[in-house]
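*Asks:* These are the residues of each chain, in order.
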Amino acid sequence: MPKKLLSHWITAKNRSDLINLALLALLLLVVLPLALDIFRLNLVGKYLTFAFVAVGLVLCWGYGGILSLGQGIFFGLGGYCMAMFLKLEASDPVSTAIQSTPGIPDFMDWNQIKALPWFWEPFHSFSFTLIAVLILPTLFAYLIGVAMFKRRVGGVYFAIITQAIALILTVLIVGQQGLTGGINGITDLKTLLGWDIRTNSARYILYYINAALLLGGIVFSRWLLSSKLGLLLVALRDKEERVRFSGYDVANLKIFTFCVAALFSAVGGAMFTLQVGFMSPSFVGIVPSIEMVIFTAVGGRLSLIGAVYGALLVNFGKSYFSETFADLWLYLMGALFIGVVLFLPNGLAGLFREPRQTWLLIKHTALMLVAKLRPARLRPEGK
Amino acid sequence: MSTESQHRTRHTRISIFIIASFLCIGSLLTFARVEAAGPPTAQVNTTGLAVTDTTVTVGDLHSATGTMAISEIGSIQAELLAIDQINAAGGILGRKIEVIKEDGASDWPNFAEKARKLLVKDKVAAVFGCWTSASRKAVLPVFEKENGLLYYPTFYEGLEQSKNVIYTGQEATQQIIAGLDWVTKTKGAKTFFLIGSDYIWPRTSNKIARKHIENVLHGKVVGEEYYPLGTTNFRSLINKAKLAKPDVIYSIVVGGSNVSWFKQLKAADITGDKWTLLTISTTEDEVKGIGGESVLNFYSAMKYFQTLKNPNNEKFVAAFKAKYGADSVIGDVTQAAYLGPWLWKAAVEKAGSFDVDKVVAASPGIELSSAPEGYVKVHANHHLWSKLRIGRWRRRCCCEIYRYHRRRSVNHG
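In order, the protein sequence lines correspond to chains A and B. Going by the working numbering, the residue at position 176 of the first sequence is 301; the numbering climbs one at a time, nothing skipped. Going by the working numbering, the residue at position 219 of the second sequence is 300; the numbering climbs one at a time, nothing skipped.
To be clear, the hints were calculated from the coordinates, so they are not data collected in a lab. Zero decoy hints are in this set.
Pairs of lysine-lysine residues, derived as PhoX-like cross-links and limited to a Cα-Cα distance of at most 25 Å, are as follows:
1. B:LYS266 to B:LYS468
2. B:LYS458 to B:LYS396
3. B:LYS292 to A:LYS239
4. A:LYS171 to B:LYS226
5. B:LYS244 to A:LYS315
6. A:LYS315 to B:LYS204
7. B:LYS204 to A:LYS171
Using the sequences and the hints, build the whole thing.
*Replies:* Rendered as structure tokens:
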């Protein structure tokens with residue numbers, strides 16, 4: 126397989142992809158760690174966890190045409206699995222001795238829960254947690270996929286249903302605060318197998334693991350897209366009926382892609398918990414899920430690498446604008462999105478792939494705006 | 082754009098001249114001041130905080146945007162007012178306070194990110210901020226890890242005591258027990274209906290309330306209901322309450338939901354002259370949005386009301402209105418937020434240092450007789466000794482203060 130993979134990369138068509146990937150790797154693994162102090166690098170690490178979701182969305186939305194507005198579900202599930210493990214480790218009987226029931230997470234104690242709920246028990250084991258991070262969200266995606274795609278639900282309906290599921294999951298987590306930490310989320314996570322994840326060295330290591338996993342994910346997705354499956358996906362997006370009549374099981378293809386996207390999101394979620402030190406329902410709901418689609422749109426929904434830059438740019442913009450212009454940062458973010466939608470329909474990636482078209486589009490739009498804004502009496506006569 | 086920049090160059094020369102002359106005078110003045118008042122920086126700052134010979138930097142971390150902004154903006158205003166007043170009176174240890182404002186944006190993880198930024202990048206000496214329990218829980222590990230100092234203004238559920246936090250609002254037992262005692266004694270209440278928004282503060286508060294009602298007052302809880310934050314439809318709940326006919330409706334509805342909650346109560350003919358409703362979550366800020374009509378003759382249990390009659394408060398209300406407009410209102414949390422910078426100033430001056438450990442060590446026992454709510458004192462558990470007051474709502478959205486109880490700060494940590 127590696128040899129086949131290599132031959133795929135080497136074709137002239139893919140050479141620019143390879144260069145772009147190398148540039149991204151250089152940026153993530155060398156330039157950023159050298160240029161930024163650990164506080165900023167940790168923030169970049171956090172942004173990169175959203176890039177996992179964005180890469181997944183390129184696969185299922187950009188190529189497969191399946192718009193999911195509920196990727197927060199899988200990001201959240203992955204993150205919560207990891208958070209449950211870390212929380213149990215942080216709640217050993219010694220450090221929780223002041224609680225009325227020592228040895229259970231602090232928020233359970235506040236809610237007068239006397240014993241660890243059954244579904245928390247397996248999360249004492251790290252290997253179970255790792256498997257759960259990978260399997261649980263994927264399985265959930267599979268169930269959603271089977272329920273929807275086998276019944277030929279797609280398009281807008283699918284988007285709305287994923288959104289509803291994201292909402293339901295948030296309500297469930299918030300409502301069951303004794304079991305899930307409620308709206309506060311699971312906070313105050315300290316160590317992973319005795320290793321303090323809050324130290325600077327741990328933050329560096331986690332950043333590199335995160336970046337490496339992300340690059341691996343991109344290579345995997347690239348391979349997936351350059352295989353027959355990738356071709357089928359594009360065909361499916363553009364002419365679903367034709368693919369079906371050619372004898373392919375469209376539903377299975379869609380389910381598979383949706384599951385892969387969910388898996389990526391879950392890995393992102395788990396890495397998020399490790400780097401940020403907590404998980405809360407504010408990453409599960411509708412708004413974060415839509416934000417994740419925006420990252421993809423900004424980066425370019427047909428570009429795996431563009432999606433990473435999109436996630437980086439939007440989140441960097443959020444942090445930077447809100448630090449520098451505390452009063453009007455939301456307007457600046459809004460302007461950024463409007464700018465992308467108006468001028469870069471294919472996102473940032475479009476800017477690099479078709480600079481000429483992009484320039485023409487900008488010129489055209491600007492001229493149109495000027496014509497619209499000009500007072501009526503100055504407009505040329507006629508129609 | 083180009084006209085603007087031309088404009089700017091034209092002005093540049095004049096402004097440079099003005100700035101330069103100001104700088105000359107300013108540096109002379111500050112030089113004189115440092116000579117006169119401030120101890121050397123090396124002495125008051127041994128942990129690398131953002132303290133210079135003339136300034137000390139603090140952080141202000143609230144939601145200026147998002148759903149919580151409506152509640153938190155009052156706190157920001159009060160904190161900035163206190164800092165202005167402290168600066169006008171010569172600052173702290175001869176140093177002016179400079180503020181770095183960060184927007185938590187009603188998003189708890191964002192609070193954690195900004196808290197880390199304030200402590201790690203800006204090295205602020207103290208942070209005034211957070212409002213919801215969720216945001217406090219999110220920043221708490223950051224403050225403990227980086228050894229920062231947070232002044233937290235909101236009334237909250239208690240069950241917490243951090244070395245790195247000074248709680249200037251009341252915790253649940255301070256607010257609840259005296260209020261329940263009062264309503265039992267004066268209204269002869271026996272049955273209670275508990276209502277809350279669905280998160281940790283209302284749930285924990287109602288748990289404390291239920292225990293007190295059942296074990297101490299020997300009353301009965303005839304209903305306990307929770308609704309998600311932001312709910313606007315309380316009709317089925319109101320029907321249940323009507324059927325249960327409690328002596329007291331005990332309400333901990335939070336934020337924007339308050340508006341529909343009280344309007345629907347009025348629509349269902351549950352009004353202050355026929356029913357007793359006691360709330361620990363509705364302050365002047367919310368009533369401004371609800372309208373005085375709908376809360377008429379209901380009761381709030383708070384440590385502070387804007388109409389409090391004492392010279393401190395009259396001065397505070399006048400200064401607040403002078404700065405933020407005559408129609409601005411001051412709720413319980415706004416006043417508690419105003420205390421933060423003053424308590425910090427007192428502790429820093431007692432410690433003779435900005436170092437967090439020394440300020441924390443100096444904090445217990447700090448007294449403030451100039452607080453708008455009256456005398457307060459910091460307890461060893463980092464909460465305040467304060468009074469609880471019962472206010473009855475009048476039509477023009479101001480409270481008539483009924484009765485108050487002195488309670489010391491209690492915390493089951």
